[in-house]
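Undergrad: Residue numbers (the working numbering), protein chains in the order written: chain Z, 327 to 878; chain U, 81 to 369; chain B, 2 to 237.
Read the hints as simulated data drawn from the structure, not as lab findings. Since the structure is predicted, the reported quantities are computational estimates derived from the model, not experimental observations. Cβ atoms here follow ideal geometry from the backbone N, Cα and C, with glycine treated the same way. It is possible that part of the hints are untrue.
Beta-carbon label-pair distances, calculated as ranges [claimed, not checked]:
{"no.": "1", "chain 1": "B", "residue 1": "L21", "chain 2": "U", "residue 2": "V99", "range": "17 to 25 Å"}
{"no.": "2", "chain 1": "Z", "residue 1": "Y633", "chain 2": "B", "residue 2": "L21", "range": "50 to 58 Å"}
{"no.": "3", "chain 1": "Z", "residue 1": "S453", "chain 2": "U", "residue 2": "F300", "range": "23 to 31 Å"}
{"no.": "4", "chain 1": "Z", "residue 1": "S637", "chain 2": "U", "residue 2": "F208", "range": "45 to 53 Å"}
{"no.": "5", "chain 1": "Z", "residue 1": "S753", "chain 2": "B", "residue 2": "I41", "range": "42 to 50 Å"}
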Amino acid sequence: MEQLEIRNLSFSYPDAVRETIVDVSFSISKGEYVLLCGNSGCGKTTLLRHLKSVLTPTGSCRGEILYNGVPLEQVDGAKQASAIGYVMQNPDDQIVTDKVWHELAFGLENLGVSRETIGLRVAEMASFFGIQSWYHRDISQLSGGQKQLLNLASIMAMQPEILILDEPTAQLDPIAASDFLNTLKKINQELGITVLITEHRAEDIFPVADRVLVMEKGHLAANAGPREIGHSLFDARSPLFPMLPAPMRSFYQCGGTGTAPLTVREGRNWLTDVFGEKKPAVRTLPPLPELPKTEPALHIENVWLRYEKQSPDVLKGLTMTVPSGCLYTIVGGNGVGKSTTLRTICGASKPYRGKIQVFGKETKKYPRGELFRNCLSMLPQDPTNLFVKQNVREELEEMNPDKQAQIHAAELCEITHLLDAHPYDLSGGEQQRVALAKVLLTNPRLLLLDEPTKGLDCGFKARFARTLKRLTGEGMTIVMVSHDIEFCAEHADIAAMFFDGQIIASGRPREFFGSNSFYTTSSNRMSRCIFENAVTAEDVTALYKENLGDGQ
Amino acid sequence: MSQDSFSRCHPAVNFLYFVTVIGFGVVIQHPAYAIAGFLGASLYYLLLKGRQGLSFIGSMAGMLVLITLLNPLINTSGEHILFRLFGRPYTLEAMAYGAALGVIFALTMIWFGCYSEVLTSDKFTALFGNLIPALSLLLVMVLRLIPSFTRKTKQIIVARSAIGKGADATESRKDQIKSGISIVSALTDWALEGSIVTADSMRARGYGCAKRTNFHIYCFRKSDAFLVGLIALLAALVLALGGTEAGFTPYFYCDYVTLGFPAYCALLLVPSIMYLREAIVWNNLKFET
Amino acid sequence: MKKSTLFSILTIFLLIPATLYFGSHIKGRWYYLTSTLVIIEIMLPFFASFESRKPQSRELVTLAVMAALATASRVAFAFIPYFKAITAVIMITGIAFGPQAGFLTGAISAFASNFFFSQGPWTPWQMFAYGFAGFWAGLVFYGRQKWCRPWLLGVFGFLSILLIVGPLLDCCTVFTVLSKLTWANALVIFGRGVPVNLIHGLGCGVTLMVLTKPLLYKLNRIQKKYGMMQKEEGNL
Chain Z
327 MEQLEIRNLS FSYPDAVRET IVDVSFSISK GEYVLLCGNS GCGKTTLLRH
377 LKSVLTPTGS CRGEILYNGV PLEQVDGAKQ ASAIGYVMQN PDDQIVTDKV
427 WHELAFGLEN LGVSRETIGL RVAEMASFFG IQSWYHRDIS QLSGGQKQLL
477 NLASIMAMQP EILILDEPTA QLDPIAASDF LNTLKKINQE LGITVLITEH
527 RAEDIFPVAD RVLVMEKGHL AANAGPREIG HSLFDARSPL FPMLPAPMRS
577 FYQCGGTGTA PLTVREGRNW LTDVFGEKKP AVRTLPPLPE LPKTEPALHI
627 ENVWLRYEKQ SPDVLKGLTM TVPSGCLYTI VGGNGVGKST TLRTICGASK
677 PYRGKIQVFG KETKKYPRGE LFRNCLSMLP QDPTNLFVKQ NVREELEEMN
727 PDKQAQIHAA ELCEITHLLD AHPYDLSGGE QQRVALAKVL LTNPRLLLLD
777 EPTKGLDCGF KARFARTLKR LTGEGMTIVM VSHDIEFCAE HADIAAMFFD
827 GQIIASGRPR EFFGSNSFYT TSSNRMSRCI FENAVTAEDV TALYKENLGD
877 GQ
Chain U
81 MSQDSFSRCH PAVNFLYFVT VIGFGVVIQH PAYAIAGFLG ASLYYLLLKG
131 RQGLSFIGSM AGMLVLITLL NPLINTSGEH ILFRLFGRPY TLEAMAYGAA
181 LGVIFALTMI WFGCYSEVLT SDKFTALFGN LIPALSLLLV MVLRLIPSFT
231 RKTKQIIVAR SAIGKGADAT ESRKDQIKSG ISIVSALTDW ALEGSIVTAD
281 SMRARGYGCA KRTNFHIYCF RKSDAFLVGL IALLAALVLA LGGTEAGFTP
331 YFYCDYVTLG FPAYCALLLV PSIMYLREAI VWNNLKFET
Chain B
2 MKKSTLFSIL TIFLLIPATL YFGSHIKGRW YYLTSTLVII EIMLPFFASF
52 ESRKPQSREL VTLAVMAALA TASRVAFAFI PYFKAITAVI MITGIAFGPQ
102 AGFLTGAISA FASNFFFSQG PWTPWQMFAY GFAGFWAGLV FYGRQKWCRP
152 WLLGVFGFLS ILLIVGPLLD CCTVFTVLSK LTWANALVIF GRGVPVNLIH
202 GLGCGVTLMV LTKPLLYKLN RIQKKYGMMQ KEEGNL
């Protein structure tokens, strides 16, 4: 019997013009791992929320949801609470209590389980998740990744039969995200718990998923195994195609037929099969053209910084030069000092040695407030840090009373249609663009971006890249810190690697990522045995076609 | 978080102990008792905090001197007039009273310092969670939100100053207040939005489905029962044997010290003795291996 | 609800007078202990009624958020010495959700924030003073949209702090350091507190004046957007 069955579900919010969910039907059997994907605003979250009665939004709803053959609304509250686990996107806001052990016990406390049983279940979960070492900690001492694991663990303590996860890794860095997904895989495979997940990070999930559901504008557009789904997206020229794992994208773009590769390993096998033992004639793409020589917009020399006198150094002799008019991206692991570098440039953290020059003048020598007027500006990692007003229009007015400038910034960031909305009613990608518009209204010549692509889906990323291109085209210098190697490889003018408090290498992305063997894009990892410097799926496709011609 | 022997006891033991010693501490103004209380509290505080604790005790000693000197200005009764200040008598009795008050003040503060170290929030909720389940859950939630809101506020401050909207960009108080209000306003929007998710997360995990259990990680052992008995016995002795009265103005008098006094001292030393005993055990273990 | 009403009546008419009677017969310095006990007893009915209401998740979350906001607002004004917005945020909670919610928010935020600094003899007094601020503002302004004029709120905030909340906070000092409890002596202590209370009052007044409307709007918006966070009825 199907564990979960949705029959002809339609839903619309009150006062909404069109339905958010349109006649959706599918079913999930016990132990399956199902990925639900679609761009922001396609109705994924609304659909997931229908699978748990207490979270179901108000509005008009038709259709049926059966849980183990019983209509969901007839399954009682306590049973739903424990059997259907629901993990949300934001790791922070889901946590209710102030201690790790208490959070693990929270759900069981609610169900009135006896203290002894709670103690046992909590102990089990803490062991399964490897939480013992931080079992006694305060929540405020945890990292984002730990928080999300805790959310999962505290739901697992209630012994659910199915887990529903709504973009659980969108706010995490790549290492924490893959940690989380690995744990999830373990839960699915070792405990046999059903998983229904929505995620942008398809690369990590496609290989483990049993089935992929695709939603477009409220409809269920596809429902098939992960290998079959790519084909239909490619044929339909779907806007969701860029979401697929890079090996799969290259495969279809090169005109491949048959079983598509899902992982880097399979992609590599596919390429070796095609080219055989002989190396292809053309193995390298021409180097990207040299950047024109310009004055440096930012120059940092031998900067040392620590937060407290006794604490270790965070920046250790950081030296870097950013030529004006380019997009300079800094990649690197977690906690190596990337964000600190941006804070230091803005003067929010003070180095104890070294100097920072912006447009040839030391930042310390700018008069009070002058540095941030028509000169330097930073887009924070969390765009909501900049929202203080009741609608987007007022947000823009706060920065610059000049109407013309506001209109220009709104157009540039593609938010003209959002001016009357409340900033918190927007999706993550839209919030990002509103924040960017605010920042741009200070007329910066040097713009700092802290992890701007975090949590964005592929559509929003493409738009964001377009805006950045326009800005650098107008002569703006952009320094961007990111975990998103794929984005940097595709759009950066210069890529730099940050490690241990300093920049250890930098260069044009094709050369830079082409010469890294581990810290590089999946396209590069897949193709490095055949091609020398293909770093994006497009590069792979270009070289493939150059060697074999279009088609077969 | 301190992890000495007394802190590891059941929260009920901790709570009972502090209620008793602070209660006695603020009520008894007999000089012998007050001084013993001060020394007992300071000893345990220093054991808990190490050298860092010295500055707090030092500042409390400063307060003690200040109260000693100031009290005769307010309270002018007493037989031995030392001198007259602005026509008002400055008496020895009032000064002695001030000293006693100062000691009581200091010992209360130091006991509360120990209380804060030992009786952490989770012990408080473990203790009262059954009696006031909703309030203790509310407390736990507030304790969880405060650090997160504080961090967010700091982020907002940095973010705003990096677009030239920071309070550091202006010197006018008016603009600084305006900027502070903008920050609170931004924080509120963010917090309310998050609160929706928190409420969802609570309901999704069955809040309100059944009568809640109050889970905590402390258990009541035999040794805890022994300590409760000991504390109750010593406190009862102090109450029963008396000899704790004293008066300062207009003339000084105090009860003769009874056997209640050694009982009081023993009570004061309970946590310190537990601490030292454990230290000795560790020391011996180190030599054995 | 019945049970908690009975409890309130018992507390007010039996427990408090009994505490006062026996408290004043303690040999030694009785007034700090007795006054603190009474303060705690006054708060009990509020707590009991909250418990007996079995609050729903949204109510708990709302109160928790407002209490934490009040505490965290300190950081936003860190660069202006002695300027405090905490009372203003508590008062706004009272204005938005009623006197009961105002009281609880004030009391719990004082108690919780002391876990981050230090609990002390002042804890019950702070709980009561801040709780009272929320209660009092709720009593006057809750459900009276027309009264919520900025200048009125400003004056209200300023005077409430200067005349009631500030002196309540100073009470703790009165009971801990005074050797002889007379009105004249107490006035000396209260007098010393006036400058701090003036700044506190100004901060509260200004913040109430500017922040009440936008904050009420925000609360309203969330309520509309999610159809939750119903207004809480005080049922003491």
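Undergrad: Does each hint hold? Answer for all of them.
TA: Hint check:
1. L21(B) <-> V99(U): 17 to 25 Å: This hint holds: roughly 20 Å between Cβ atoms.
2. Y633(Z) <-> L21(B): 50 to 58 Å: holds, 52 Å
3. S453(Z) <-> F300(U): 23 to 31 Å: holds, 25 Å
4. S637(Z) <-> F208(U): 45 to 53 Å: violated, 37 Å
5. S753(Z) <-> I41(B): 42 to 50 Å: Holds: the Cβ-Cβ distance is about 48 Å, inside 42 to 50 Å.
Violated hints amount to a single one, hint 4; each of the other numbered hints is respected by the structure.
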